[in-house]
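*Asks:* Here is how the chains run, residue by residue.
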Amino acid sequence: RKEVEQDPGPFNVPEGATVAFNCTYSNSASQSFFWYRQDCRKEPKLLMSVYSSGNEDGRFTAQLNRASQYISLLIRDSKLSDSATYLCVVTLYGNKLVFGAGTILRVKS
Amino acid sequence: NAGVTQTPKFQVLKTGQSMTLQCAQDMNHNSMYWYRQDPGMGLRLIYYSASEGTTDKGEVPNGYNVSRLNKREFSLRLESAAPSQTSVYFCASSALAGALETQYFGPGTRLLVL
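Sequence lines, in order, name chains U and F.
With my numbering, the residue at position 10 of the first sequence is 10, and numbering never jumps.
With my numbering, the residue at position 85 of the second sequence is 85, and numbering never jumps.
Please note: incorrect hints may appear among the correct ones.
Stated by the list, open to error - Heads up, simulated DSS-like pairs for lysine-lysine below, C-alpha to C-alpha not over 25 Å straight-line:
{"no.": "1", "chain 1": "U", "residue 1": "Lys42", "chain 2": "F", "residue 2": "Lys9"}
{"no.": "2", "chain 1": "F", "residue 1": "Lys71", "chain 2": "F", "residue 2": "Lys9"}
{"no.": "3", "chain 1": "F", "residue 1": "Lys57", "chain 2": "U", "residue 2": "Lys45"}
{"no.": "4", "chain 1": "U", "residue 1": "Lys2", "chain 2": "U", "residue 2": "Lys96"}
{"no.": "5", "chain 1": "F", "residue 1": "Lys71", "chain 2": "U", "residue 2": "Lys96"}
It is worth saying that the hints were derived from the structure and are not from the lab.
Working from the sequences, and respecting the hints, build out all of it.
*Replies:* Next comes the structure, spelled out in structure tokens:
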């Protein structure tokens with residue numbers, strides 16, 4: 001079983017739509033949680049950290065459910081520029097990141 | 001600030017050839033990392049250096065060596081390239097080695113081993 005699992009998609013949505021991605025992790029000792037964004041053939045960039053209480057950054061909302069060991073990302077009012085691969089990332093200890101394979105989002109006009 | 005830079009951007013090798021991937025950061029970060037990214041898989045950690053003078057193995061270290069030349073530079077060496085090492089290699093850095101530290105990635109090196 002992969003340590004971090006994501007639906008690979010692609011999720012094809014129209015502009016203005018709301019879309020949600022989920023991610024599950026296998027190790028209950030995971031300490032920190034993140035969403036990274038990766039544009040085609042580019043490097044990953046931190047989108048947002050995920051906290052137990054949930055957190056919001058503009059149109060993006062991240063949630064963590066430790067009991068069920070899943071993380072979610074909600075994008076409201078999707079823009080064309082949101083098209084990318086979204087990587088779910090957890091840390092077990094230190095700063096060793098464990099990446100999911102990513103979920104592809106395509107926003108269409 | 002350039003952030004994290006990597007050279008070369010692309011490389012084609014024949015099986016058995018050696019090469020060194022270079023990485024440098026200008027953010028005065030202590031920790032540096034090498035990852036590889038393969039289709040359908042997440043980025044996997046090859047080696048990391050929590051601070052200047054230290055290096056440690058990650059998830060997939062076999063076939064690679066690293067050198068933390070100084071605080072700025074962290075190189076990855078393939079001594080005898082194999083087709084299984086065809087991948088995209090990313091270098092990253094973070095200020096510290098703590099769990100909440102953001103990692104900043106370089107643009108990647110695309111390597112093809114024939």
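*Asks:* State the violated hints by number, sorted upward, taking the hints as numbered earlier in the document.
*Replies:* Hint check: nothing fails, all pass.
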